[in-house]
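Q: Here's the letter readout for the chains.
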Amino acid sequence: MMNRLNHLPTLKIDTARKISFTYKGKIYYGVTGDTIASALFANGVRIFGRSLKYHRPRGLYSLDGECSNTCMQVNGIPNVRCENTLLEDGMVVAEQNVKGSAENDMMSFMDKLDWMMPAGFYYDVMHKPAKLWPVAMKQIRKAAGLGKISPDFKMPGKYDEIFLNTDVCIIGGGPAGMMAALSSAEKGLRVILMESRPWLGGFFEYRSAEYKDGQTLHDRANDLAAQVRARENIRLFTHTACVGTYNNNLVTGFQIGKKSDVFDQRYVEIRAKSVVVAAGCIERPLLFDNNERPGVMQIACALRMAKTYGQLPGTKAVFSIGHDLGLEAAIELHDLGLIIDCVADIREDGQDPALMQKLMDRNIPILKGWVAAKAHGRKVVKKVTLSSIDGLMTRTLACDLVVASAGVTPVTGHITVALGTLKYDGHTGCFLPDRMPEKMYAAGRVLGLNDAMAIEASGTLAGLKAAADCGAGSSEEIGKVAKIVASLPGPARGSKLVTAPVKGRKSFICFDEDATIKNIKQALAKGFDVPELIKRFTATGLGPGQGGIPGHNLPLYVAKYQTLPDVSIRPTNVRPPLVPTLISTYAGTNHTMFKITAMDQMQRKDGGIFRNIGVWQRARYFSDDFSCKKEIENVRNNVGMLDGSTLGKFRIHGPDALKALQRVYVSDMSKVKEGRIKYSAMCNDDGCVMDDGVVVKLGENDYYFTTSTGRAGQTAEWIRYHTRYDGWDFALVNLTDSMGVINLSGPNARKVLEKVVDIDVSNDAFGFSAYREFKIADTIPVRAMRLGFVGELSYELHVPASYMQSVWIMLKEAGKPFNIQNFGVEAQNVLRMEKCHIILGQESEQRTNLLDVGLGFLWDRTKSEAKTVGAVALRQAENDPARLKLVGFKMENNGRAPKDGALIVDTKVRGYVCTARDSFALNEAVGMALVEADLSRIGTRLEIFEDECGDDRIYGTVVKMPFYDPEGKRMKM
Amino acid sequence: MALTITCPICGKRNGYEFRFGGEEKGPRPEEEGLTPEAWCDYVHLNKCVAGVQEEWWCHKDGCGSWFKIHRDTTTNLEKEIKTVIEEAGK
Amino acid sequence: MKNIKRVSPVQLKSSPLKTEQKDNWDIVMEYAGEGDGPYLVDLSHKLRLDLQNGEINAITPFGIAIPDSPGKCVLQDGLLINRMNKTQASIYNLAGQDNVDMPDATGYTDVTESALCVAIIGQQVFAICEKLTSLDFMSPDYVAPFLFQGPFSHVPCQIVTLNKTGDDSGIILTCSRGYGRDMIHAILDAGDEFNLKPAGENRFRNWITRP
Amino acid sequence: MFSKNKPMWGKKPPLKSSYDVVIIGGGLHSLATAYYLTKEYGITDIAIIEKNYIGFGGAGRNTAIVRANQRTQYNVPLYKEALDLWPVLTKDLDYNLMFNNCGNLNLMHSEAAMKAARMTIATAQFHGVESHLIDAKQAKELVPALNISEDITFPIHGAMFHPPGGVLRHDAVVWGLARAAAAKGVQIHQQTEALGIGTQNGKVASVTTSRGAINTKQVLISAGGYSAALIYDMLGIKLPISVLTIQAMVTQPLKPVLDHVVSSGAYHCYANQTLKGEIATGAHMDPWPNYTTLNTAHYIKHQAEALSEFLPCLRGVRFMRIWGGLADMTPDMAPIMDGNEQVEGFFMDCGWGYFGFKSCSAVGKYMAQFMATNQCPDMLKPFALKRYQEHRLMGETAALVNYTPDN
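Protein chains in written order, with my numbering: chain A, 1 to 973; chain B, 1 to 90; chain C, 1 to 211; chain D, 1 to 407.
It is worth saying that the hints were derived from the structure and are not from the lab. It is possible that part of the hints are untrue.
[Claimed, not checked] Some, not all, of what chain B presents toward chain C, calculated at C-beta under 10 Å:
id, residue
1, Cys10
2, Phe20
3, Glu23
4, His59
5, Asp61
6, Ser65
Even for Gly, the Cβ is constructed at its ideal location relative to N, Cα and C.
With the hints as extra help, turn the sequences into a complete structure.
A: This is how it looks when you write it as structure tokens:
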């Protein structure tokens, strides 16, 4: 293991604290503060993986994860970006997408076959003969993909989430971001600062160049960081990558937990009044042959390897750069012991003279107007050929490190995904912010700035502008700072070079997809003339690193190749997440929210098998026998209890309550009488039944009504929607959860109830369709209704939810002699089906209207002044012969019931079975079906087509409804 | 995109707290003499404006009120066009 | 009546140390291991009324003026009145007299049974809230006491912030009773890192009646 | 072996002053209609007018899932034909559309959903389309990554397994059709915006574009999510359409782990693995009309929550890209195909919601027949606009069987 440079103030490692990890089955050691990649590098690893298509060796290139070069399998998790994932004790690290090893990949012959694979070649091959494709596809699938995930992989760790509100949110904790934070925080606002690295400082943090008056940039960064940390109103999130910005200033990101945090990662969602983007720059890759060979690195990568992780990135280096940062890095790295053979600078002039002097002082030769043309070395860099820009002169130098960078490129994704626009700037050669989204400001290097003072001042300015959006600060102050910014050095001239003077067969514009300059030319020749189309055709920028590597170069190259003017150069689209984000992180805590009734626990104890029904969980069965024979027979013969608490329950009151009911219910609600219940239905404007339930009059313009379980959540909204123009004065109170409902049903129901209540429950005193209010034991107020949904003597008791368990227990006690039992939703389903009482959604679908299901009798057509919802459509459709009708049927020859959902057919589909069961009560199979009108006559034979029936049909006959107790004696007894 | 809707009762909130209630089409038409065409126009047909439209929203996870706003369908941003906010039922 | 009991939608797993019976509720006054805060207190047994009336501004429930604009609240004589919209207010009897009578004016509905009601009190209340909702409690635009009607752990809630300063911070949260199990689970899970513990009504009483 | 590197749809042609047929929109339905007009009817004097570039809209933004397990008898035959056409088109276009016939699994999370699935399956089988109801264990055998335990929000009861379905390479379909149509003389005018339709005596007479006016007697608007706004703008015809943004996303590429398309109504989520190894997943639509095609933080989170539950191994995988497209939704989830009805010579093909890709091959064929013969083919008759005022919605959606906690 390499000895680290451990005297540098910029180091983020602690060489005294070793960390062990496993790599390819062997134990290795890194130090605290290492990333996985820096630890591997220290152990001599240079080839981290192999590329997708050509299996080319790949190594450390940038340190910010713009490409998949250092993606590895870590603890079973694929595609972990090792270059910015902190090393942890005991990590198990493996290479991915290799046959053999990254060092010796048996698939590396693919690199020679690139001539067979021009851009989009796969569209032209492997489909003839047709049989070839499925075989070829299998191989393609195997070859594609990078990491592996096992189907039974269980993601360890705790994932959390927070939702924050703030005045100003600042993305980027470099000098500009920190200045922005400080200036807006000074106004007393709430400020959030997000920084993707574990520490603040950004562009200053790892540099030892002078800031001012002998202070290094690094020290300045630390100063600012201390000021930021000291402000109570700045909420600081380090190690928190911003992954999304949305117009209207929503910002999302994820934070990587420290040892002391309770989470491994947490999703962070921030609603800000204004946003400052100070995300800095990445480097623009230099395009030359073998520009991604291990040993080729970007400037900041080489420099930060030394300054942050204490490792020289190589022994002998050649620089090919186009930016002063490259000169500065050469000087610093030289002073740390790196041999620098030569610095080739794309620029003919414009270099900082002070830096030039320092290079000269160190005898580092500089070649102006030169660029790397080709890296040599089969697996890692051994030599590099430099070329003059015009390609006329070349020189080949031995080296093991090529520091290559065409320049910088602002990180603008945060701006564009929020609908801001960019403009190509000829001076810097960069895409710079043009139209910013509302209340979003750019600062620092995003603006193309390079001068330390200018970067800071632009941060201050952005912070002040953001503060002004929150109503703090003065325009004078903003003007003052703006003047200062204007007086400081503006953006530095940038290199416009796109590629070295090479043909580009092995010049990779996109590492992740193995796309070369040659591929781009091929796409252009085929008529794909805009970058977005080229992206699709060549997959450039669609790999794990997205546009990080090719995003800037692609449009530049396309424009150059087509000799388009600068104004037509458009950036490619950037899409969230701006940093690849784990699904477990996005999922966060993922609390499941269901409703339970007051009877939940008791029913589970009684063996209830629960199902989700809408927002509720309900007991559907009370035994493993899903035909529910016992439950059903007990209701028919004795008495059963069903928890119907999920029914929607509402009070409507106020001067216009009746008007509102008239609008939404199809019946004439003025005919609802006190002490009686009225069954009615609500339709949508198309006359389709949305809901049914009962209405009780409590007083003048004061009603209590029920809705189906699924509609309860929307009923208030529905009624208000359909009366929104009327200005009526009525009030709705949702009592759904307030009242539990016990459905006490069966011939012995009265005998049970009379033991519990004090009122007279005889048929004369409390007959069918009646409504009564009373108290149990002088304490529990109950609303009781005589209904007959299941077709037996039946009481629906509405009981305050907190008393539900008590009443339930009383009834259970009282019912013991009559063998009272629970019954569940499925038993109820069968019981009511035998009675041909419909359940909406089961005997109806979205397009079924009131008349289709035989509920036309509910419709009062004389109240047109009420503008009842659905009435117009019902009138217009009532004579349409093409509509489906609900019918009852029995199976022929005592056959079994068809399955729910079976079709009614002849040569066409003519309808379908809604619900059908082998009825225990009737001893035959019965059901209801929606069929075309001409099949709805009694006696019609129905041909039934079930799934998997082949040519075997079963037959039923349309019969009169209901099947069970047609006179309705039992429910009225 | 991060829709926010300004509820006249609760103020500016996350758009997911609301339910969209359709383009503004005016009060319910009278039943008498309503042709199938006119009925369909009121119930089903939309202008599908790419730009600012007036529309209904319900603050379903909040106060429950129905109200109208103007919103640009090409940006999802609300537009402050001052109109008398007609509130329903409340 | 001995066998008549009212059951709260909030079922907390801690062991009660002190319990009082009132109106058939078993009210836990103190739990074992309540810790040093933050605290979660079940108030589901507290009387809550819904008031809706077109002339609501003319009504003074229990002699208290209803705040004039939605979102505003008033806490007086242990009664909390929250203005919900132009025509609606909610009234919580948090620390007032027991067995108050329903006022005479039309438009009141007893909704005690409709919702669970809990108080979360202590310094970290809002650190817990931000894990469950994007509602902005800390906005200086909202001066306690104030009402939010909005989602909390995805469920529509009424949340009244009674205090948002340091240790005195606290909110009252109500949501549909049916969500009791899952809402309490979500709150306790979010509060776990801050040591949120179930506490008895004494804690709440001390907090609400503090000077 | 390789086609020469020449422009696939010809050099950029100048806009002529008249065409027999003008098609507005350069997406799949337009290209397919143009292709079949040339192929079956010898009509080649066609201009396709596209504001951006071909495949810019839904054609390039969908996740290319194809299937023929729709709900009603009107839809199933159409989608079946579309499905059957992929191998034919691959051959005829001589372009590898990369049809991965992997089969679709539509998960069911309740008894009610199983019943609804059975009806859909019976309808498929009745029309000769393979589809089966399988239980949770069988589903797990097909998709080992599936979580069939009881302790998820929506436990899996079973699935509708539809072997003929699968996934194509959507861009290949665009490019293949464009190349074939252009080869027959169809002019594809990209970066050209249609601005209006001129009528005379109730008949189509012309189309104005950003590059000049065109005389024509027939015009088709099949511009995906933009159709409804264009049709209202140009002809004042209102449609029962709401244009929503629908989102999809992909994870970083993985070695094969998911061999089928898996979808779930309850979770509002589908997922399949592309040939490149990415898990492509989507389904959600923000339920308010907009033309933004913007993604939302809400949705990528929702999707992660859903996948975490029913495909939990994916918790260890990263999302790398999300995008949005437009879906023009109708109240009955069925499209509107009509012609010569509102204005003579005017045809529309819209309201496809998120079904535009699956249907494009067959619809191109029938719309071409409709336009060439001026007779509506029987296959398209049920899709006329008039059905809405006749209260005859198509029934592609059943009643809702699931609700989310925040319904």
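Q: All hints are to be evaluated individually against the structure, with a verdict given for each.
A: Now the hints, each set against the structure:
This hint holds: Cys10 (chain B) has a C-beta 6 Å from the nearest C-beta of chain C, less than the 10 Å allowed. Look at Phe20 (chain B): its Cβ only gets to about 17 Å from chain C, farther than 10 Å, so that hint breaks. The closest approach between the C-beta of Glu23 (chain B) and any C-beta of chain C is roughly 24 Å, which is over the 10 Å cut-off, so the hint fails. The criterion of a C-beta within 10 Å of any C-beta in chain C is met by His59 (chain B), whose closest approach is roughly 8 Å, and the hint holds.
Here the hint on Asp61 (chain B) is kept, as its CB sits about 4 Å from the closest CB of chain C, short of 10 Å. Annotation: interface hint on Ser65 (chain B) holds; nearest CB of chain C at approximately 6 Å, less than 10 Å.
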